Structure formats: structure tokens, C-alpha cells
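Engineer: Single-letter residue listing:
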Amino acid sequence: MNNPSETQEKALTSRFGMWLFLFTEMLLFGGLFVVYSVYRFRNAQAFHLAADELSVFIGTVNTIILLISSSTIAMSITAIRLKNKKLALLLLFTTILLGLAFLVNKYFEWGDHIREHIYPGSAILALRGQGDVLFYGLYFFMTGLHALHIIIGLAFIAIITGLIIRDKINPGSYVLLENSGLYWHLVDLIWIFLFPLFYLIT
Amino acid sequence: MNVHEGIEEPSYLEHKGKHRGIFSWIFSTDHKRIGLLYLFSILSFFSIAAIIGLLMKLELIAPGKTIINAQTYNAFFTLHGIVMIFAVVIPGLPAVFGNFFLPIMIGARDVAFPKLNLLSWYLYVTGVTLVVISQFAGDGPPDTGWTFYAPYSFRTAGNMLPAVFGAFVLGFSSILTGLNFLVTIHRLRAPGMTWLKMPLFPWTLYATGWVQLLATPIIGITLLMIAAERLLHIGFFDPTLGGDPLLYQHLFWTYSHPAVYIMILPAMGAISEIISTHSHKGIFGYRFMVASAIAIAFVGYFVWGHHMFTSGMSGTALYAFSLLTFLVAIPSAIKVFNWISTMHKGSIDLQTPFFWAAAFIFVFMVGGFSGLILGSLAANVHLHNTHFVLAHFHFIVFGGTGFAFFGALHYWFPKITGKMFDTRWANVGLVLFFTGFITLYGPMFYLGVKGMPRRYYDYDEIFHAGNIVSTLGALVLISGALIIIINLFNSLKTGSKAPSNPWGGKTLEWTIPSPPPAENFIETPVISKGPYDYR
Numbered sequence: 001m002n003n004p005s006e007t008q009e010k011a012l013t014s015r016f017g018m019w020l021f022l023f024t025e026m027l028l029f030g031g032l033f034v035v036y037s038v039y040r041f042r043n044a045q046a047f048h049l050a051a052d053e054l055s056v057f058i059g060t061v062n063t064i065i066l067l068i069s070s071s072t073i074a075m076s077i078t079a080i081r082l083k084n085k086k087l088a089l090l091l092l093f094t095t096i097l098l099g100l101a102f103l104v105n106k107y108f109e110w111g112d113h114i115r116e117h118i119y120p121g122s123a124i125l126a127l128r129g130q131g132d133v134l135f136y137g138l139y140f141f142m143t144g145l146h147a148l149h150i151i152i153g154l155a156f157i158a159i160i161t162g163l164i165i166r167d168k169i170n171p172g173s174y175v176l177l178e179n180s181g182l183y184w185h186l187v188d189l190i191w192i193f194l195f196p197l198f199y200l201i202t
Numbered sequence: 001m002n003v004h005e006g007i008e009e010p011s012y013l014e015h016k017g018k019h020r021g022i023f024s025w026i027f028s029t030d031h032k033r034i035g036l037l038y039l040f041s042i043l044s045f046f047s048i049a050a051i052i053g054l055l056m057k058l059e060l061i062a063p064g065k066t067i068i069n070a071q072t073y074n075a076f077f078t079l080h081g082i083v084m085i086f087a088v089v090i091p092g093l094p095a096v097f098g099n100f101f102l103p104i105m106i107g108a109r110d111v112a113f114p115k116l117n118l119l120s121w122y123l124y125v126t127g128v129t130l131v132v133i134s135q136f137a138g139d140g141p142p143d144t145g146w147t148f149y150a151p152y153s154f155r156t157a158g159n160m161l162p163a164v165f166g167a168f169v170l171g172f173s174s175i176l177t178g179l180n181f182l183v184t185i186h187r188l189r190a191p192g193m194t195w196l197k198m199p200l201f202p203w204t205l206y207a208t209g210w211v212q213l214l215a216t217p218i219i220g221i222t223l224l225m226i227a228a229e230r231l232l233h234i235g236f237f238d239p240t241l242g243g244d245p246l247l248y249q250h251l252f253w254t255y256s257h258p259a260v261y262i263m264i265l266p267a268m269g270a271i272s273e274i275i276s277t278h279s280h281k282g283i284f285g286y287r288f289m290v291a292s293a294i295a296i297a298f299v300g301y302f303v304w305g306h307h308m309f310t311s312g313m314s315g316t317a318l319y320a321f322s323l324l325t326f327l328v329a330i331p332s333a334i335k336v337f338n339w340i341s342t343m344h345k346g347s348i349d350l351q352t353p354f355f356w357a358a359a360f361i362f363v364f365m366v367g368g369f370s371g372l373i374l375g376s377l378a379a380n381v382h383l384h385n386t387h388f389v390l391a392h393f394h395f396i397v398f399g400g401t402g403f404a405f406f407g408a409l410h411y412w413f414p415k416i417t418g419k420m421f422d423t424r425w426a427n428v429g430l431v432l433f434f435t436g437f438i439t440l441y442g443p444m445f446y447l448g449v450k451g452m453p454r455r456y457y458d459y460d461e462i463f464h465a466g467n468i469v470s471t472l473g474a475l476v477l478i479s480g481a482l483i484i485i486i487n488l489f490n491s492l493k494t495g496s497k498a499p500s501n502p503w504g505g506k507t508l509e510w511t512i513p514s515p516p517p518a519e520n521f522i523e524t525p526v527i528s529k530g531p532y533d534y535r
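Line by line, the protein sequences give chains C and X. 1 is the number of the first residue of the first sequence in the working numbering; add one for each residue after it. 1 is the number of the first residue of the second sequence in the working numbering; add one for each residue after it.
Please keep in mind that the hints were generated in silico from the structure rather than gathered at the bench. Mixed in with the good hints there might be a few duds.
[Unchecked claim] With a straight-line cut-off of 27 Å between C-alpha atoms, the simulated DSSO-like cross-links for lysine-lysine are:
| no. | chain 1 | residue 1 | chain 2 | residue 2 |
| --- | --- | --- | --- | --- |
| 1 | C | LYS10 | X | LYS493 |
| 2 | C | LYS10 | X | LYS197 |
| 3 | C | LYS10 | X | LYS497 |
| 4 | X | LYS115 | X | LYS16 |
| 5 | C | LYS168 | X | LYS18 |
| 6 | C | LYS168 | C | LYS85 |
| 7 | X | LYS493 | X | LYS281 |
| 8 | C | LYS83 | C | LYS168 |
| 9 | X | LYS16 | X | LYS493 |
| 10 | X | LYS529 | X | LYS450 |
| 11 | X | LYS281 | X | LYS197 |
| 12 | X | LYS57 | C | LYS10 |
| 13 | X | LYS493 | X | LYS419 |
| 14 | X | LYS16 | X | LYS450 |
| 15 | X | LYS345 | C | LYS168 |
| 16 | X | LYS345 | X | LYS57 |
Please read these numbers as outputs of a predicted model, since none were measured by experiment.
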């Protein structure tokens with residue numbers, strides 16, 4: 001790892017692997033998008049009405065939160081490259097806080113639905129018809145899987161932050177930070193699709 | 001061209017790492033040791049699933065209940081399918097021989113991510129463990145068949161969740177192996193090894209890697225949906241909740257048809273190596289072999305509908321899927337043509353691996369042609385869900401991948417272990433195996449055409465004769481397999497020492513000692529010639 005060109009080669013290999021992993025992740029969600037489109041096509045009316053009930057406000061706030069967090073992690077990569085460890089750490093802490101804020105919003109949003117007895121398997125939801133059951137089933141499953149990715153992403157970023165504090169990640173070798181950044185951007189990107197599909201198309 | 005002549009380097013088997021005893025294996029990140037971990041796990045699971053297969057054949061020796069009842073039979077074909085497909089055939093060639101030989105054949109010291117490689121094996125073991133747990137815990141073993149078709153898969157009392165999660169974890173393991181190989185091939189080829197100087201086995205692993213990476217997540221998410229359906233009552237595929245069971249079939253086969261190419265592509269690669277080496281002649285139409293591997297991987301994505309011809313699809317969809325199914329046969333036929341042409345005017349050395357390759361070509365062609373019959377719409381309506389389908393895919397999956405696996409095992413045995421195997425017993429085993437195979441699956445074509453359905457423990461008296469022949473074949477096949485495996489284990493002790501290049505091969509693995517040193521190459525090889533340079 002002393003040889004700088006060897007480190008660079010390894011970084012390239014590692015980044016390439018990460019990109020391939022992102023392809024896999026995209027197809028994982030891709031399967032769900034297929035299911036969503038089929039059922040949206042078949043239950044256009046019900047999906048339309050159900051989507052109207054979601055809070056566009058919380059959705060928009062969460063979108064803004066994720067977009068900002070994506071830019072803070074991107075900036076932290078530049079900061080570490082410019083050897084500004086303090087700034088990099090500050091930006092990463094911001095990213096983590098924003099990610100947590102997203103989850104807190106999600107918690108209140110889901111909590112509202114569940115208080116209104118809208119959750120998969122609920123008898124009251126079943127009374128509203130199959131379109132609504134499918135819409136909310138997909139809603140909980142897809143945003144839930146996305147939230148799981150947020151949690152995994154946050155765990156990665158927390159580990160990376162620890163490594164930066166101990167100088168294991170430094171201006172000479174920061175591919176792990178880059179990879180978590182890539183992962184975080186993917187999580188962000190998926191939300192960019194989920195947001196209009198569930199909140200905006202009404 | 002043995003560059004290491006005279007240099008004594010401890011082999012990977014003797015190499016002293018950080019750990020001792022069993023830990024030097026299960027904590028090893030050496031791609032060769034991981035390959036052997038897979039080899040032993042896969043052989044064990046293969047034996048278990050094969051015994052279950054034999055029990056099913058014994059049940060079918062006579063109409064009515066013979067040794068097991070209907071529910072046990074359902075559980076048996078489910079377990080046989082899950083273990084054979086997800087834990088034996090899919091990882092078979094890539095995880096064992098791919099792990100062991102991919103880095104060596106492209107002149108690398110290891111795969112790109114050795115730790116991830118070990119993690120894949122752990123995931124693999126975890127996945128199989130979950131499947132095993134599903135057999136004993138809960139309300140009885142799963143009985144849906146390996147396809148987990150909705151809506152039965154969330155209605156049955158059987159213990160589905162561990163089986164479904166097991167398959168999910170196995171899929172994840174397969175994705176990581178594919179990812180690792182793709183990065184390895186892109187980044188770690190030896191200096192001078194351009195894409196078109198790469199041997200065909202790595203090439204097929206490359207095509208396979210993309211299929212693993214891009215198709216497996218679809219079944220991952222589909223299995224998660226089945227789990228969510230059972231746990232949370234989300235109505236993805238439940239018609240009473242508005243879901244569509246047919247959509248499940250589409251998603252399932254979107255992965256599971258490409259999965260057939262995950263199974264067969266590396267098999268084709270290994271067969272290409274064996275035929276070229278034993279004919280002492282470069283592979284005929286190397287570029288066509290590369291192109292057809294890529295073409296099979298690509299077209300293979302668009303044929304899944306042929307599993308659903310009778311499930312209810314539009315006429316247009318039926319025609320399109322049927323046409324695409326015929327198209328995917330073309331690159332496979334190119335490969336068969338090129339194998340035969342490679343032998344033509346070659347100097348053929350009649351060794352055991354070559355016999356396996358020849359047997360492979362025969363059974364693969366029978367399997368392929370019967371596939372064309374199933375791909376034609378009218379015939380499919382008659383043959384769907386009969387023993388004909390069973391015969392077809394056992395000819396491809398067991399005949400194709402299984403024969404290639406045993407062929408590759410004999411071909412690379414001297415390199416892996418440093419010992420030669422006993423040729424006479426190996427050939428006896430092969431003859432029994434081949435005879436048993438044809439006797440076991442051949443009659444199923446006939447039974448299928450006559451209308452015997454699959455997945456029933458009972459049948460009408462008119463199918464009796466064919467089933468007796470088939471069960472006898474199963475016994476012969478198992479005895480052949482036993483001889484093969486016992487012979488290989490015996491040869492570990494009694495075999496003579498293997499030279500570095502016993503068959504006269506030209507690819508890189510034959511330039512290093514048998515067994516290979518821990519670091520594979522003392523000096524990184526520099527490639528200037530094509531992979532099969534016999535001139």
C-alpha cells in the first residue's frame with residue numbers, strides 16, 4: 001500500500017466493484033418498479049385517489065433532506081482530498097444527521113397511517129378495496145426497503161467516519177469514503193423515483 | 001514453457017497461513033482453498049439431493065404408494081429441486097472451478113476481492129442451512145416445488161419462510177461471486193492478455209457473471225415479496241387481495257430462465273478447454289465461441305415466457321417468446337459445431353476428461369433438441385408439465401452441467417491435488433454413469449408424450465413399464481457416481497504424482513506446478529500468444 005500507483009490501482013478496482021454492486025441494487029428495486037407499474041395500470045383510479053392522501057409536504061421535505069445529504073457527502077470527499085480532515089468530518093456528521101432526520105420523518109409519516117388503520121393486513125384497509133390494498137402494500141414495502149437501505153447507508157457512513165478519525169482513511173487512500181458516497185447517491189436516486197411515483201402522480 | 005522448473009515453492013495445500021487445522025480452510029481467503037470449500041460443500045449437498053432423487057424414483061417403481069406417501073413425495077421433490085438448483089448446479093462450475101482456475105488462467109494471484117469471496121462461501125453455507133432448517137422446524141417441510149409458485153406458496157401450511165430466505169441468501173452469494181469474477185477479469189488480467197487472448201473458460205465466466213449480477217436481484221426481490229406476503233399479508237400475488245399470481249410467474253422466470261444459462265455457460269467453457277487440450281488443437285472458431293457465449297447470455301434474458309405458454313398470455317407474447325426461444329438455440333448450436341470441428345483433424349488423446357466431454361455433447365444435444373420441441377407452441381400445450389419437461393431439463397441441467405462438472409473434475413484433478421486418478425475405474429464409473437443416465441431419463445420422454453404428468457407420486461398402470469426402466473437406470477447411475485467419487489478419493493492416497501502438464505494443455509494453469517503454489521505465479525506471466533497456441 002506504500003506505492004501510490006498501486007493504491008490507485010486498488011482504488012479503481014474497488015470502485016469498479018461498487019458500481020457493479022449498484023447495478024444489482026438497481027435491479028432489485030427494478031423488480032418492484034415493474035410490479036408497481038403493472039398494478040398502477042390495472043388500478044389507475046384507486047392508485048390516483050390513494051396517492052392524494054399521502055402528505056406531499058413530508059415527502060418534499062424528505063426529498064430536500066436527502067438531496068442535501070448527498071451533496072454533503074460528495075463535498076466531504078473533496079474535503080478529504082484537499083486534506084481538510086476537520087471539514088470532512090463535519091460534513092459527514094451533517095450527512096448522518098440528515099439521514100436520521102429522514103428516518104424520523106418517515107417514522108411520523110408511517111405512524112400517521114398506522115393510527116388510521118392503514119397498513120398491510122388491516123381490516124379497515126381491506127374494506128377500501130383491492131386497489132388501495134395494493135397501493136399501500138407497495139408503499140410500505142418499497143419505502144420500507146428504501147428506509148432499510150438508508151439505515152445500512154448510515155451504518156457505513158458511521159464506520160467511515162470512525163476510520164477518518166483514526167486516520168485509516170486519509171488523503172492518500174479514501175476509496176472507502178468514495179464507495180459509501182456512491183451507495184448514498186444510489187439511495188438518494190431511488191428516492192427520487194419513489195417520491196413522484198407515490199406522492200406526486202395524482 | 002514451465003517457468004518455475006527447479007524452484008521449490010510450497011503448494012497452496014502446504015502453505016502455512018495465519019491459522020491452523022480446519023481454520024486454515026474456513027478462514028482462508030486463498031481462491032484455491034475457497035474453491036475446494038465449495039467443492040466439498042457442493043459434493044455433500046449433491047449426494048443428499050441425489051439420494052432424495054433416488055428415493056423418489058423408488059417410489060415411482062410401481063403405481064400407488066410404494067415407500068413414501070404423497071405429502072412426503074411433495075416435500076422430497078421440493079427439497080431435491082431447491083438443493084440441486086440453488087445449492088449445486090448454479091454455484092457448481094463457477095464457484096468451484098471458477099474460483100480455483102479463473103485467477104490462474106488469466107495470470108492473476110487471486111480474485112479482485114478475496115475477503116468478499118470468502119463471505120460468499122459463508123452466505124452459501126448460511127443459505128443451505130436455512131433450507132435445511134425449513135425441513136425440520138415449523139409445521140412441516142415446504143411442498144411447493146422449487147418454483148414457489150403463488151398463490152400456493154403463501155397458502156400452504158409448510159414451513160416456507162426459511163426456504164424462501166435460504167434461496168434469497170444463496171442468490172446473494174451468487175451475485176457476489178459473479179461481481180468478484182467480473183471485476184477480476186476486467187482488472188487483473190496478466191500483462192499482454194487482451195480480451196481476445198483470454199481462454200474460453202474465463203470468457204464464459206465473464207458472460208455468466210453479468211447474468212448473475214443482473215438477473216439474480218429479480219428473484220431476490222420476488223422471494224422477499226413472497227416472504228412479505230406470508231408475514232405481512234401484502235397482496236402482491238394474492239388474487240383475493242387484488243394481486244396477480246401470473247405476475248409472480250413472470251418475475252420468477254425472468255430470473256430462473258437466465259439462471260439456466262448461469263448453469264450451462266461455464267459448463268460450455270470447461271468443455272471447450274477439455275476438447276481443445278485433448279485434441280491438441282486450438283479451438284475452432286475462437287471468436288465465434290466468445291460471441292456465442294455473450295449472445296446466449298443476452299438472448300437468454302428474453303425467453304422466460306416459454307415456461308408459461310399454458311399459463312395465459314396474449315398471442316403476440318406467445319409468438320415472440322417462441323421465436324426468441326428458437327433463436328437462443330443458434331449460438332448453442334454454433335458451440336456444438338465448433339467443438340466437433342475442433343476435434344476434426346486434431347490429434348485426439350482418449351483420456352477420461354475427453355470421454356466426459358464427448359458424453360456431454362451427446363446429452364446436451366438431446367436436451368437441446370427436446371427444448372426446441374417444447375419451444376414450439378402447439379407441442380408445448382401437449383407436453384407442458386409432463387415427464388417430457390422433466391426429461392428435457394434433466395438432460396440439460398444434469399446432463400449438461402453435471403457431465404461438464406465431472407469432466408472438469410477429472411480434467412483439473414491432477415492440477416488441484418497433484419495426484420493422477422486411476423483411469424480404469426474412472427472410465428468404468430463414466431460408462432455406468434452414462435448408461436444409467438440415458439436409462440433413467442430416456443424413458444421419461446416417452447412417458448411424457450404418453451401424458452404422464454410430473455410431480456405426482458402415483459400414476460396409471462399404462463405408465464408402469466417405462467417407470468420400471470427409469471428406476472433401474474437411477475440405480476445404475478448412482479452406482480456409477482459412487483465409483484467415480486470413491487475412485488477420486490482413493491487416487492488422493494494411491495495416485496502417482498501428477499506432472500505440471502499431464503494432458504499437454506496450453507492455458508496458464510498448466511505452466512505452474514501441480515498443486516499450484518500459494519501465490520500461483522512466482523513471476524507474473526507476460527502473454528504474447530493466443531490461449532490455444534498449438535502450432
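Engineer: Determine which of the earlier numbered hints do not hold for this structure and return their numbers in increasing order.
Structural biologist: Failing hints, ascending: 1, 3, 7, 10, 12, 14, 15, 16.
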